[in-house]
Amino acid sequence: MSAMLEQNEAGSQMHGWATDLFPLTRSLTGPGTLATLEYLARLMPGLEICSIRSGTQVFDWVVPDEWIMRDAYVMDEDGIRIIDFQVNNLHVLNYSVPVNDTLTLEELDKHLHSLPDQPEAIPYVTSYYARRWGFCLSHHQRQKLKPGRYKVVIDSEIKPGFLNYGEILIPGREKKEILLSTYVCHPSMANNELSGPVVTTALVRRLLARKDLRYSYRIVFIPETIGSIVYLSRHYQHLKEVTIAGYVITCIGDERTYSFIPSRNGDTLADRVARHVLKHVYPDYKAYSFLDRGSDERQYCSPGIDLPVASVTRSKYGAFPEYHTSLDDLDFVTESGLAGGLDVYQRMLECIEQNCYPVSTVLCEPQLGKRGLYPTLSTKESAKSVKMMMDLIAYSDGKLSLLDIAELINAPMWKLIAILDQLVSADLLKKEYR
Amino acid sequence: MSAMLEQNEAGSQMHGWATDLFPLTRSLTGPGTLATLEYLARLMPGLEICSIRSGTQVFDWVVPDEWIMRDAYVMDEDGIRIIDFQVNNLHVLNYSVPVNDTLTLEELDKHLHSLPDQPEAIPYVTSYYARRWGFCLSHHQRQKLKPGRYKVVIDSEIKPGFLNYGEILIPGREKKEILLSTYVCHPSMANNELSGPVVTTALVRRLLARKDLRYSYRIVFIPETIGSIVYLSRHYQHLKEVTIAGYVITCIGDERTYSFIPSRNGDTLADRVARHVLKHVYPDYKAYSFLDRGSDERQYCSPGIDLPVASVTRSKYGAFPEYHTSLDDLDFVTESGLAGGLDVYQRMLECIEQNCYPVSTVLCEPQLGKRGLYPTLSTKESAKSVKMMMDLIAYSDGKLSLLDIAELINAPMWKLIAILDQLVSADLLKKEYR
Amino acid sequence: MSAMLEQNEAGSQMHGWATDLFPLTRSLTGPGTLATLEYLARLMPGLEICSIRSGTQVFDWVVPDEWIMRDAYVMDEDGIRIIDFQVNNLHVLNYSVPVNDTLTLEELDKHLHSLPDQPEAIPYVTSYYARRWGFCLSHHQRQKLKPGRYKVVIDSEIKPGFLNYGEILIPGREKKEILLSTYVCHPSMANNELSGPVVTTALVRRLLARKDLRYSYRIVFIPETIGSIVYLSRHYQHLKEVTIAGYVITCIGDERTYSFIPSRNGDTLADRVARHVLKHVYPDYKAYSFLDRGSDERQYCSPGIDLPVASVTRSKYGAFPEYHTSLDDLDFVTESGLAGGLDVYQRMLECIEQNCYPVSTVLCEPQLGKRGLYPTLSTKESAKSVKMMMDLIAYSDGKLSLLDIAELINAPMWKLIAILDQLVSADLLKKEYR
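Chains as they are written, first to last, in my numbering: chain A, 4 to 437; chain B, 4 to 437; chain C, 4 to 437.
So that you can see chain A by itself, here it is in the shape it has in the complex (with noise of 0.2 Å):
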């Protein structure tokens, strides 16, 4: 199957599973976000789902009480339900504690969320901490409610139970970890929560598909900044010993752009691997500032846990006016835009699994014409070719990774890897692995 076919497949299938998942209400906890692990485990064996018990400290942290949320509504004196949450689950404020109540306009105004400047879009909005109800609506929907008594019901509960979060360990021949580690804990949205989840999905199936893994691969599906907490608060110790690179996956299926949100040191593995992907894929990219970090690379990059965590998007969170609304649904994420998210993690993947030290086995340069690695047609494709292969050899001094020199020579490491893979065969360099 031709790598294009194969994106394309890849894109669809992908957008598949975001469908499946669209509907369902995910939060810190609640059945929505279990639903979602069962059905991500059922696309990676291996996968296993783990709870921590509400009230747990973590940190400076307590794991919040579950939220159970089964239905919710506004009705009109008509009997009609003007606010339904089983048509958008965004409707309700997330984390909501139960209602049932009738009101005037004016005591249910108080409660309710709407944007006037995107009157369309139904906002997205949460309270995990503080106790309350609301009712999120189109600021156009809000403005035609007229005077009159509306009854209330939110039925939910909160109370004590559990986080639960998805992870995943691929062994490679070395001990050393790359740590992936994406979102499930919005409800129906699909840039900024989707495409994180089937995204690092297609990439672990490709992972577990390997046999040939330098690495270890470590992947963790988290509710966003409590599930990183709580997975540190268990793990980081290892993972400080272990990990060499890392990426929060995130907002990665739209066509906007790339973008790159880099860790707090901004120069480890994961930074230089990603800025020299983007370069070379889409040099476009909007590269950011860790200032403008927002996702769970808080807490990897957090002082005292260090960890080499940046990040990958497409267009960041906060930085596409569909962010936590309605209107970041799967017509915004699209099956070409979440394989282009796939393909630029699998390059970085791939560029991290080869970044070895190439080291020239001869003194001067070898003469390359009587190994037959001079192309005997020359055309301006390869003598490219030509040149890329007499600078990986004029860099190969054994101080130098091949991501080094990608960057000294200005060449995408993916065509280094296959010329160095001749050069070794030819026995002109040798790899070494540090």
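FYI, nobody ran anything at the bench for these hints, they're computed from the structure.
Among these hints, one or two may not hold up.
Which copy is meant is left open, because identical chains are indistinguishable; a pair holds if it fits in one copy or across any two.
[Claimed, not checked] Capping the alpha-carbon separation at 20 Å, the derived lysine to aspartate or glutamate pairs in DMTMM-like fashion look like this: (1) 373 with 68; (2) 433 with 63; (3) 113 with 87; (4) 387 with 295.
In this text, all values refer to a predicted model and were calculated from it rather than measured experimentally.
With chain A fixed as given, assemble chains B and C onto it according to the hints.
Frame of chain A; chains B and C shown alone:
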């Protein structure tokens, strides 16, 4: 009293001191400089006036004989003092030997100094180490001199005596010292002389009023060049041991701009703090190179002395047309100009005082909400404050100083100092001192 | 003799040598190259001609058989030599095997080389390692060839023999060496061949005339690529021990520009000195990257050899249209072009020779006045000189080399050398050598 009012009052007070000191005939030595030091000593209890005998060898130099200047004039045939030291002490060439003679205009002219390009200004001219006499006058006046005979009198004396300078040490908790150096050797000039001593005096008075100083402060009021050489010849070994930052304070009273002259090293604490403060207070400040040096940093930064001494000025010596002329007067130096200079130096000293290493006491981000560290009313300004707080925590890894962090997150250090104190009170950060 | 006259004379002399050497049929091996070396040996007493047997393994290469080229022509049916090696030795493909045949135009055409884009130029073509024969001619001439039968004669021989190169070592006070390498392997070409050997010869003659050399100078005249590989295979361990800087001297005789090709390291003494000199002599020089390398620095800088070898050229090989054609002749290379190239290399060697660590012998600034180091007549030029003197003293802390200081104060090192000597005579600075 509001900060603004305090500033105004300080500006007015400094300008008053400058007005008192303006008429004194200062030079490297002599009664005018001594009177200046005595005036300053009355403002700063503890300021010691130190003396060194002329003829003393100090490194490659010899302390010059004392210059006593009593009166000087050029009188025309009508008995009118057409050039009169009593009117403006710039009229006499500084360090003039005595003369009492009657000369033709032609003979006199060889001893006159004026500025064709600034015909209204009396230039300031010195001849410290070659014995001569002379008069300085505006070019307009010089052009109007008629042929005839002129009586020329300079009632001066050059004889063994003393060079005087002022010194004060304000002890802090630590032995480490901040060095402030300003000069007292130019006669009636305001920016390139009096602005330095009066701003320094105001700084000293504020330091003396404090009980909580971390560092010790050594402040010297010296004749330029020979004074710093004298001072260093006596104290450089001690200074090299204890000085962590220093500034030459001069030309700090006009309103045109701010300027920065780095130390020879260019990246000492003194340099970094100066750049940081100026960037936030006056982003358009003029950044010079050490090649543009011209005051006592020449001695403090000389090889083997190697002190971390930089300089912040308003319009730099040599870079404003009034420099070294009678136009550098008490109109050019303003209350507001002096107050601005004082403010910048105060901020710099405060940044040095408060520059600790913040260390996070929790792993992962702390939960600010439960501590009331999130503002209840969310305004643009409070959002900026919370972001600054989160960024400060994110970088508090114990490897970065508060100044490093301020630079990384592009926030003025004085805002971070307040936030740091909040976080220390909340037990989320602690301060380490190195 | 004035410096300008000396330059003119040197240019004329070098152009004369190039004119003598132009007709010789140089190649990797053979009598033309040997005759060239013998000619040069007469100009440089002590130049040794070294030989290595063909067939010898040198690293990854084998020394090729010797090519003896006696005569070659294409004769038309009228018995006229329409392509004649005696007229221009570029007409024969370099390393052509012998041939003696009569061919149709169609058959002949397969062995012809011309340049459609430069229809007046005879191209220079080689086939060192694949055995073939051919003729090179202008495209205009090629287009005029009429159908018919052509007698084709190449009276050449390829047989075991020797590869020759020249070497001279000029000892200095120190064992540390400067390496100069130039090539002798192209037939009648002026810039991309003879400019290198003649400028190098002039340099050697000047070095030989000096009695005060600090460093030892090793100079080699070698066939490109295989010659440096041969030389390195014999001497690389010694060179690695003693070489502190080196240059490949080629394309150094036209007048269009100057160019710099860095070593692989890019920041060795050789690189820094070359950049420094070019910046001051010809600020618009073209700075290339090591990726643009193309001569023997490819071998000198290869992994495991790692010599600090850079290159300064005028128009770089490959970057001028006359390159590798009959247009690269003695009109393109001029007396003035060669003289400029010699001047730049002389300045570079002088900068290396004089690059010491100046150390101030006094603390604080010295009093220059009392030593007469202030000019009595103050001109713009003398003010610049005094400023340079003050700056040199200010940076003479023993940590910076004279080259470092020259860069810091943006002054050409040759001006500082003179000032440094003045200050050493005045006992204000001393020179340290490391």
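So, going through the hints one by one against the coordinates:
1. Within a single copy, residue 373 and residue 68 get their C-alpha atoms only as close as 72 Å, which misses the 20 Å cut-off; across copies the closest is 16 Å, which meets it.
2. Proximity of residue 433 and residue 63 under a CA criterion of 20 Å is satisfied inter-copy only: 16 Å between copies versus 49 Å inside one chain copy.
3. Proximity of residue 113 and residue 87 under a CA criterion of 20 Å is satisfied intra-copy only: 18 Å inside one chain copy versus 83 Å between copies.
4. In this assembly of identical chains, the alpha carbons of residue 387 and residue 295 lie at most 20 Å apart only when taken from different copies (13 Å versus 38 Å within one copy).
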